[in-house]
Amino acid sequence: MSRFVQIFATRWGIIAVGAFIGIFAQLLQKWGNPANMGICVACFERDMSGALGLHRAAIVQYMRPEIIGFVLGSLIAAYAFKEFRARAGSAPIVRFILGAFAMIGALVFLGCPWRAALRLAGGDGNAIFGLLGLIGGIWVGTLFLKGGYNLGRSQTTHTSVGWLLPLTMLGFLVLMFVFPRVEGQDKSGVLFYSLKGPGSMHAAVLLSLVIGLVIGFLAQRSRFCTMGAIRDFILFRQTHLLSGFVALVVFAFLTNLVLKQFHPGFANQPVAHTMALWNFGGMVLAGLAFALGGGCPGRQLFLAGEGDGDAAVFVLGMIVGAGFGHNFGLASSPQGVGPHGIAAVITGLLVCLFIGFTMKQKTA
Amino acid sequence: MSAVVDAKGLSCPQPVILTLNEINKARKGEIIVLVDTVTSKENVSRAAIARGWTLKNVEEEGETFRITIAKD
Numbered sequence: 036m037s038r039f040v041q042i043f044a045t046r047w048g049i050i051a052v053g054a055f056i057g058i059f060a061q062l063l064q065k066w067g068n069p070a071n072m073g074i075c076v077a078c079f080e081r082d083m084s085g086a087l088g089l090h091r092a093a094i095v096q097y098m099r100p101e102i103i104g105f106v107l108g109s110l111i112a113a114y115a116f117k118e119f120r121a122r123a124g125s126a127p128i129v130r131f132i133l134g135a136f137a138m139i140g141a142l143v144f145l146g147c148p149w150r151a152a153l154r155l156a157g158g159d160g161n162a163i164f165g166l167l168g169l170i171g172g173i174w175v176g177t178l179f180l181k182g183g184y185n186l187g188r189s190q191t192t193h194t195s196v197g198w199l200l201p202l203t204m205l206g207f208l209v210l211m212f213v214f215p216r217v218e219g220q221d222k223s224g225v226l227f228y229s230l231k232g233p234g235s236m237h238a239a240v241l242l243s244l245v246i247g248l249v250i251g252f253l254a255q256r257s258r259f260c261t262m263g264a265i266r267d268f269i270l271f272r273q274t275h276l277l278s279g280f281v282a283l284v285v286f287a288f289l290t291n292l293v294l295k296q297f298h299p300g301f302a303n304q305p306v307a308h309t310m311a312l313w314n315f316g317g318m319v320l321a322g323l324a325f326a327l328g329g330g331c332p333g334r335q336l337f338l339a340g341e342g343d344g345d346a347a348v349f350v351l352g353m354i355v356g357a358g359f360g361h362n363f364g365l366a367s368s369p370q371g372v373g374p375h376g377i378a379a380v381i382t383g384l385l386v387c388l389f390i391g392f393t394m395k396q397k398t399a
Numbered sequence: 182m183s184a185v186v187d188a189k190g191l192s193c194p195q196p197v198i199l200t201l202n203e204i205n206k207a208r209k210g211e212i213i214v215l216v217d218t219v220t221s222k223e224n225v226s227r228a229a230i231a232r233g234w235t236l237k238n239v240e241e242e243g244e245t246f247r248i249t250i251a252k253d
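Protein sequences appear in the order of chains A and B. Every number in my numbering is 35 more than the matching position in the first sequence, counting from 1. Every number in my numbering is 181 more than the matching position in the second sequence, counting from 1.
Excised from the complex, chain A in its bound form:
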């Protein structure tokens, strides 16, 4: 048992988890998920925001079981290995705002770090600018971290506090079973469903859920984090998490070759635009917000599953941010950035700088 406990904390452990995510993301695409979007945490939370009617962009509304699985899989792993620990109270409002702007930045690029990797692995050259932006944003974040930025300590709290986000996800799952997709209808009970576009494309519900659960379980054990991968390399020259992220890209690429899903180029890539500057800029914002928030969007879900109430607030910030993203015309489309996307990126960067410069709480 103890060897099993340890194995995911090793380098081979994290590489195996990255490889698993890379392979199954591409398989999910083959099984119905949108192109170069086998798993995108930001896109899928945006789809959930749409399913709940927080925005009404008709093409991106679907309650994604993968996301639900991530949180619940992490919860199961945390309990199985006695790591569940309810904690909260480290500047939740800041985490909410960071989550919202992280989502807005990701929607300007059209993807979170996971999808940036999957887009690259699918041959989408625009992802290079997104990844460069991500690195740039995280680099700025590390400058703040070196300068003493932190959001203060969390406190141990009631176990039930840590259960709230997992229970919310469970509630979403119940809604999905009570109000399943009805062919040809854009609404089923309280949930919205896309009739066309990315939101209409999905693998079978149970398949998505099971893969989400397994990834949630494995990621909780290994601490897989795409932002931490880059941050730890910049800050400490540590390659532990980075090897997991690289494994994701490599195995996603190999899987694409096998499945004939690799299509190199810049133009006409699926759910992508070619405005290099804003692919870059959107991800600078997202990367900085993730760095200040302490985790990539996937990691925030896994942390929320193991009882971190502050990560849960970040997740809710992302879901609400997606609502703003589409209601205010901030999100991009294959035609390019939204009417107010550029203004939103600039605003978000200013907010992140304000947070970074002013929040240097003493920890002694």
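These are calculated hints, taken from the structure and not from any lab test. Check each hint, because a few of them may be wrong.
Covered stretches of chain B (chain A as the covering partner; in silico rule of three or more C-beta atoms under 8 Å from a C-beta of chain A) [said to hold, decoys possible]:
#1 207-219
#2 225-231
#3 236-248
All values derive from a computational prediction rather than experimental measurement. Backbone N, C-alpha and C fix where the C-beta goes; we use that ideal spot for every residue, glycine too.
With chain A fixed as given, assemble chain B onto it according to the hints.
Quick look at chain B alone, frame taken from chain A:
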């Protein structure tokens, strides 16, 4: 008397940053790091070992992990 780094309740990567700051300051001797998640325990241990320090002891006291690292 060992230096004590209290990183309880701090999120990633603060515990590692505080530990490395202390390592850079002390250069050798013994440092005790207090953390309260298994992830922080792993991260602090990994960072200290990468800097040539040895992991002498990890004690669990309630919700706190007391990590002792040392370098001659």
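Quiz item: Which of the listed hints are not met by the structure?
Solution: 3
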